[in-house]
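Which chain is which? The protein sequence lines are A and B, in order. By my numbering, the letter at position 167 of the first sequence is numbered 167, and the numbering carries on one by one without gaps. By my numbering, the letter at position 207 of the second sequence is numbered 207, and the numbering carries on one by one without gaps.
Hints may contain errors.
Said to hold, decoys possible - Think about it this way: if two alpha-carbon atoms lie no more than 27 angstroms apart in a straight line, the pair counts; the simulated DSS-like pairs of lysine-lysine are:
1) LYS17/B <-> LYS2/A
2) LYS122/B <-> LYS2/B
3) LYS17/B <-> LYS3/B
4) LYS52/B <-> LYS2/B
5) LYS122/B <-> LYS54/B
6) LYS122/B <-> LYS2/A
7) LYS2/A <-> LYS3/B
8) LYS17/B <-> LYS2/B
9) LYS152/A <-> LYS142/A
Unchecked claim - Computed spacing ranges between beta-carbons, pair by pair:
10) ARG3/A <-> VAL219/B: 29 to 39 angstroms
11) LEU21/B <-> VAL6/A: 11 to 21 angstroms
12) SER16/A <-> VAL227/B: 12 to 22 angstroms
Simulated from the structure, these hints should not be mistaken for lab results. Yeah, the Cβ is synthetic: ideal placement off N, Cα and C, and Gly gets one too.
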Amino acid sequence: MKRYLVILIALIIVLSAAVAYGAGKVDETADRIEFRLETMYGDPAAANGVEISGMLSAVRTYDTAARKESYFCWTSTLGIEDGKLLLKNVTVEKSVDYYELFDRVAIKTPLSYDTSVDDLDGSCIYRCYYQDGTYNLEIRDKKTDAVTFTTKVDSDNLYSDKAYPKLFAGHGSAVLALVRKDSYINSNKSVLNSSTIICVTSDGKMISTKLRTYEFNETAFYPFGGTGFIVASSSEERFVLVKRDPVLVHMDGTGDDIVYNLTYPQNSPEIWVFSPDGLEFMGICRCSLDDRPYSYVDNNGEEQQISFYEYSGNLEAALKVTW
Amino acid sequence: MKKWLSVLELHAAMRFKRVLLVLGTMIVLQMLSFWILGDQSNTQTFFQVLGKIKYGWIFALGFLAMYWALSWPLGRNETYSYTLQRLSVTERGSVWMKFIFNALCFVPLVIVQAGLILLMAKIFEAGKPFAGNAHGILIDLEKDGMLHALVSFSNPAQVIYRIVYILIATACATHMEVLFARKQTPILSFIPPVILLLINNIWYDEFHVAFAAAIIISVICMITALVRCRGKKPLRDILEQQEV
Chain A
1 MKRYLVILIA LIIVLSAAVA YGAGKVDETA DRIEFRLETM YGDPAAANGV
51 EISGMLSAVR TYDTAARKES YFCWTSTLGI EDGKLLLKNV TVEKSVDYYE
101 LFDRVAIKTP LSYDTSVDDL DGSCIYRCYY QDGTYNLEIR DKKTDAVTFT
151 TKVDSDNLYS DKAYPKLFAG HGSAVLALVR KDSYINSNKS VLNSSTIICV
201 TSDGKMISTK LRTYEFNETA FYPFGGTGFI VASSSEERFV LVKRDPVLVH
251 MDGTGDDIVY NLTYPQNSPE IWVFSPDGLE FMGICRCSLD DRPYSYVDNN
301 GEEQQISFYE YSGNLEAALK VTW
Chain B
1 MKKWLSVLEL HAAMRFKRVL LVLGTMIVLQ MLSFWILGDQ SNTQTFFQVL
51 GKIKYGWIFA LGFLAMYWAL SWPLGRNETY SYTLQRLSVT ERGSVWMKFI
101 FNALCFVPLV IVQAGLILLM AKIFEAGKPF AGNAHGILID LEKDGMLHAL
151 VSFSNPAQVI YRIVYILIAT ACATHMEVLF ARKQTPILSF IPPVILLLIN
201 NIWYDEFHVA FAAAIIISVI CMITALVRCR GKKPLRDILE QQEV
């Protein structure tokens with residue numbers, strides 16, 4: 001009879017030791033989980049090839065004892081080295097809470113919108129700025145600095161203040177991408193919205209293109225080298241794996257459907273990266289809200305994954321020093 | 001001391017096989033559900049996989065089965081009952097020994113569950129170097145109430161919570177065993193285990209009131225179990241009295 005009690009106690013001791021060892025191993029990573037890449041806000045218009053500069057980014061910090069989250073903010077550039085996406089020139093700004101971070105992001109709302117890009121052939125500059133409730137798009141000759149074309153877009157047509165226009169420059173043309181308020185309710189009682197794209201050629205010709213309607217909660221525009229740009233939308237709740245159906249729109253306003261069947265959470269911030277000449281789409285670098293791998297889409301439209309360390313090796317070192 | 005140890009050994013001998021059966025079944029069920037139901041594609045996090053396999057409910061089954069193992073009458077196993085009655089311990093003392101033995105059985109149940117979680121995390125991490133990295137595993141273990149309570153040994157508050165949890169379960173199992181032995185239905189002692197399981201699986205974020213209720217009811221159960229037993233005469237004397 002004695003052996004049963006001995007076995008039971010031995011079982012408890014052995015199991016406790018094993019589990020304590022295993023849990024200890026997990027806890028060892030606690031000091032390394034203090035920061036996590038949460039979100040990145042970059043202006044895709046600045047994606048002029050190898051680097052995207054001036055991104056406002058943030059990490060979610062997680063206090064494992066208090067089980068509380070906070071955010072940490074920095075600016076950085078995103079670059080490509082040896083085929084890998086890397087964060088470079090990380091400058092840590094300050095620790096912020098969520099609402100402060102939200103305020104920082106709000107800087108990029110239309111009220112302060114003013115951006116310009118060079119045409120790829122170097123002959124003119126496209127500028128879009130917000131003034132008196134209106135978006136102004138103008139083309140300036142680079143040599144004479146004379147305004148050769150200007151047009152206005154009523155901001156009442158904007159879908160939301162977060163959907164500020166995106167200005168992309170190609171070879172001899174610019175694209176101003178807008179999301180307009182053309183929303184209606186379909187038979188499934190879903191709100192449908194449509195996107196209106198305004199393309200401007202260097203000779204001042206303006207082509208307005210209305211994209212097919214989507215059921216979307218957010219819409220994003222990404223430059224596609226010098227050939228057009230991609231409209232991406234999604235329709236599911238946060239953290240739900242969704243498919244996105246990006247549409248390639250050429251500079252002449254015609255559109256091709258390129259369907260990348262991606263599976264990743266909505267609201268997962270992302271940066272679309274292009275080759276140094278701006279003509280080749282390198283992939284989407286995505287920052288995850290949880291521990292999914294950072295992934296990108298290669299030129300074949302297939303989803304690839306890179307590890308946290310490949311992606312943010314420099315970031316980790318920079319933050320470790322500053323923390 | 002030796003006589004108390006003998007009682008404890010006797011309880012262990014009486015219930016050992018049942019306890020092993022419960023632990024073994026829970027391990028098999030958890031691992032089977034992990035392999036079969038857990039979608040282990042790269043897009044899944046460990047947290048999502050755990051959600052799919054319903055590990056909390058399998059633990060709940062194991063938890064209830066442990067009650068059966070510890071409190072349901074042994075039937076024709078008269079040898080142990082007779083031996084117990086020949087010992088010079090009081091009936092109340094025997095109940096305390098049952099309490100200690102029951103605690104010794106609930107401890108491995110919780111440890112086995114924690115170990116299974118860590119084992120599954122290890123398997124998940126090994127299979128997916130990106131999706132299942134150590135950082136992600138830690139976050140998963142931290143953000144879920146039950147997982148946090150199970151494996152966060154570095155957090156003293158959670159360790160105390162888990163000890164109290166085991167003591168509540170132990171007290172109720174002891175109460176059940178005493179009442180089942182008297183061919184009575186221990187309705188009161190069914191309540192705390194149900195509360196504990198609901199805390200584990202549904203109420204883990206707002207459990208304070210429910211947990212306090214479970215503590216109070218389990219204390220009442222334990223007191224009831226002790227009051228119903230005779231505390232002065234040894235079992236041997238009672239048996240001899242009955243034989244006479």
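So, going through the hints one by one against the coordinates:
no.: 1; hint: LYS17/B <-> LYS2/A; in the structure: holds (14 angstroms)
no.: 2; hint: LYS122/B <-> LYS2/B; in the structure: violated (43 angstroms)
no.: 3; hint: LYS17/B <-> LYS3/B; in the structure: holds (23 angstroms)
no.: 4; hint: LYS52/B <-> LYS2/B; in the structure: violated (49 angstroms)
no.: 5; hint: LYS122/B <-> LYS54/B; in the structure: holds (18 angstroms)
no.: 6; hint: LYS122/B <-> LYS2/A; in the structure: violated (36 angstroms)
no.: 7; hint: LYS2/A <-> LYS3/B; in the structure: holds (12 angstroms)
no.: 8; hint: LYS17/B <-> LYS2/B; in the structure: holds (24 angstroms)
no.: 9; hint: LYS152/A <-> LYS142/A; in the structure: holds (21 angstroms)
no.: 10; hint: ARG3/A <-> VAL219/B: 29 to 39 angstroms; in the structure: holds (34 angstroms)
no.: 11; hint: LEU21/B <-> VAL6/A: 11 to 21 angstroms; in the structure: holds (19 angstroms)
no.: 12; hint: SER16/A <-> VAL227/B: 12 to 22 angstroms; in the structure: violated (34 angstroms)
Of the hints listed earlier, those the structure fails to meet are numbers 2, 4, 6, 12, in rising order.
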